[in-house]
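Residue numbers (the numbering used here), protein chains in the order written: chain A, 1 to 341; chain B, 1 to 273; chain C, 1 to 337.
In case anyone wonders, no lab produced these hints; they're calculated from the structure.
Cβ atoms here follow ideal geometry from the backbone N, Cα and C, with glycine treated the same way.
Among the hints, erroneous ones may be present.
To spell it out: a stretch of chain B is covered by chain C in this simulated footprint if at least three of its residues, at any positions, have a beta carbon under 8 Å from a beta carbon of chain C; those stretches are [what the hints assert, rightly or not]:
id : stretch
1  : 43–52
2  : 55–61
3  : 103–115
Here are the simulated lysine-lysine pairs, DSBU-like style, with alpha carbons at most 30 Å apart [stated by the list, open to error]:
id : chain 1 : residue 1 : chain 2 : residue 2
4  : C       : K335      : B       : K77
5  : B       : K63       : C       : K241
6  : C       : K285      : B       : K77
7  : C       : K285      : A       : K335
8  : B       : K117      : C       : K335
9  : A       : K244      : C       : K53
Given next are the chains, with one letter for each unit.
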Amino acid sequence: MQNKSAKKRVTKLSFTMYMVVGLGLMILMSAASISFGAADMRLATAWEAIFRFDPTLTDHQIIQTLRLPRTAADLMVGCSLAVCGAIMQGTTRNPLADSGLMGISSGAAFAIALCLAFMPGYAYWQMMLFACMGAALATGMTYFIASLGKRGMTPQRLVLAGLSISMLFGALSQYLAINYNLGRALAFWTAGSTAGAQWGELLMITPLFIAGVLLAVALSPSVTVLNLGDEVAGGLGIRSGLVKGLSTIVVLVLTGLAVVVVGPVGFVGLITPHIVRYLVGVDYRYIIPAAAVYGALLTVSADLAGRLINKPFETPIGIIFSIIGVPYFLFLARKQRREFE
Amino acid sequence: MECITVEQLDIAYDEALIVKELDLKIPHGKITSIIGPNGCGKSTVLKAIGRLLKAKSGTVYLKGADIRTLPTNEIAKQMAILPQTPTAPSGLTVEQLVAYGRFPHQRGFGKLTKEDKQIVSWALSKTQLTEFEHREVDTLSGGQRQRVWIAMALAQQTDLILLDEPTTYLDLAHQLEVLELLYELNRSQQVTIVMVLHDLNLAARFSDYMVAIRDGKVIEHGSPERVMTKRTLREVFSIDADIMLEPRTGRPVYVTYQILRDRNKELKKEVAT
Amino acid sequence: MIKQRYTLQRGLTVITILFFLIIVFAVISVNSGKMNLSPQEVLNVLLGKGTDKQNLIVFDFRLPRIVLSILVGMGMGAAGIVMQSLLRNDMASPGTLGISSGSGLFVLIFVVYISSMGVSSYIALPLLAFVGGLIAAGLIFLLSYRRGREISPIGLILTGVALGSGYGALTTFLTLKLDDSQMDFMLRWLAGNLWGDDWGYIAVLTPWVIVLLGYVFFKARMLNTINLGNQTAEGLGLAVKREFLGLSLAAVALSSGSVAVGGSFFFVGLIAPHMARKLVGPNHKLLIPASCLAGGLIVVVADTITRTVSLGGDVPTGIVITVISVPYFLYLLAKAN
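So here's chain A without its partners, still in its complex pose (with noise of 0.2 Å):
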């Protein structure tokens, strides 16, 4: 007895040890994105330009504009995707999962296109719920695909089916882009990237954005009980139509905002709950919460790494996750496969 409460204690103490370390790592992450860049700043300029801003001044107007905004973006859809990840893979037990992989974002995608191509007076409240419905769409038509024929829905079949449908979404909002001239914008939203983030959309995202993330940590413990299987939760009292529920909810209300802000981007969602799990463990009333730290934290790093490497082009960190990410996918789809046979 006396072991488990000192094991539960040094697993707490671990937990906080890296959610501070995490946040100390976002917040340093943070503050050398906004000071470099295509153009190369010194951190004072930064903070003088946070707190001590000069409208006069060129630098400090990249800061407020530019950097600023992309940062504070960078960091809403790290957390989001992450957060999103890490609620799929515990209630649907399928570690592969991943807003990306399968699909939901890619209808996002397409219903955001739909939207700048026939309406091109929209308010972005309007982006932001056709992009919700794209992906209640595409993760609805996944699903059940994925749970069609006689073994049901495993992982590798939710992955294969998320992949084709975010390819035929994928070839109809190339159809739009290229025939309602959507551009060479587009093109790199479609590749996944902060660039054009503005301090006006992300406001009106933030109430969403807080209210999904406090959402995920509220079901939180839900999730750890429903991982055990549906049938052992409901012994232990949790509605789990309920919770699945809630969370499908949460998760079409962050993937959505992330992909308004950012366009698709994939791998976050898979890779951050796997290393967060790494290291707090498998209770997700911990990975959760550490998820959205380490999500924003990854994702402000690929964003400043995408702006260094390869100087002056930019690299979306659409791609950056993609060339890590794979990978990765492809190692946790050989340990899927080794204990599925």
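Put chains B and C on the given structure of chain A with help from the hints.
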């Protein structure tokens, strides 16, 4: 006269040695069964003889020639092999599957000659499948399907057929169906049969020569009377069996058996008495 | 008297019909486009009696494009059926195994680095694509092959698709270095746009495809036998490893060539073999021609649709094919055990 000679065969799967320095001589024109407990290496040995597996060391001689020196096509003209649970692609008819037996004899694009077609018909009649020749293979019963594969082996026109557990998954009547066909082929056409069987009694009933393997080594070999003894079964299968001669065929069969509690103790007792 | 599902007669009839359908759509395709030409005018052009403008349209624009569509479709159809039979996996195809994307990466390397070197692109391009395809094939083989154990069918496809998207990401990454026109080209290439509709490329692609198709067709008997299982095939005297290697190389070469000059068509190599199998059955002597023709037909039809139905701007043919094919792929996935 030996049909197949195996010398000092070592076969390994991922570094683990399954078959160790195995020596074996398969007699010509007879039915030979290889028996042994699960994992003893009997299927492995058969596959090595059939060149489906490469041995780590040692040699397999087919009618005096080292199989490693023979082109695989040539081997196919002398030896037919029926692997465990073979699957035919759906949509294939009996006649089409049996026709594959002519593969080693075909050249180039591979059109069936008149002679080929005659041989296929003959194989079908030998296995009593002529009336089924246009039926799709997956619509047949288990026993019938095994007969189709045997017909394919026949169409290869070899005088040696290797079979890996041809009766597994078949029910009792179909098991007999297959073994009686093989028996008849051996007696009427002098086809040498080598098969891995898991059912000891059937092996004893239908074979001329038996080989008992355990842990990759031959424990006993010879006629069924010599191999089907209490002592051999104890050593090979760790069972204490009662053997009697079966009324229909006069062959030895085990009637009942007990699991050996302590294998070594029993052996020591036997040696002491 | 039992009625056989797939007879030789039926197979030959189907093949003939497919052939004629291709010709029909080719004719429709020649007639249509931004400027409609009546069959009479086309006939005039072919007989050498057309006006300069008509000649230009037919000989420089439409005819090469149609010929290219057919060649590319045939190449992918053949590659697809070979891959599906060798791997005994009906979701295998140059796209789902990542081989097209691997070729694509090398095509990009060519566009970015080599085209400025003045090397003849007509030969260099398909060769580079072939190298890319080989590397991709090697990689997926390395990752999936486990001695003795059968590769799980879905696992193989998962690996292939993941690798494919990895190559795709790398490709897009390199694309960012390009200027606007090059980038636009690459984006369209990724969508499958039949860009090499120029007699120079066709002159290289045609012998490439024809020779390889001939080889594959000649090996029909081997493919039939491999379908019985590696051990049974080996027992029948087929040198399985050698034939497997030869046929894989041919398949990779066919798909790389098509992809290099035609763009990345993901689903043609997947769908064409299925159509062919449903129509003519499992005998490769019929399957291979049927799959080639089905592939050619798919691309020609899609291309005709792209150029006639007013979908707006210059929509890459691959998009049409993807939109039609994904539902079918999903159906296959749902059906898979």
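Review point. Broken hints, numbered, in rising order?
Key: 2, 4, 7, 8, 9
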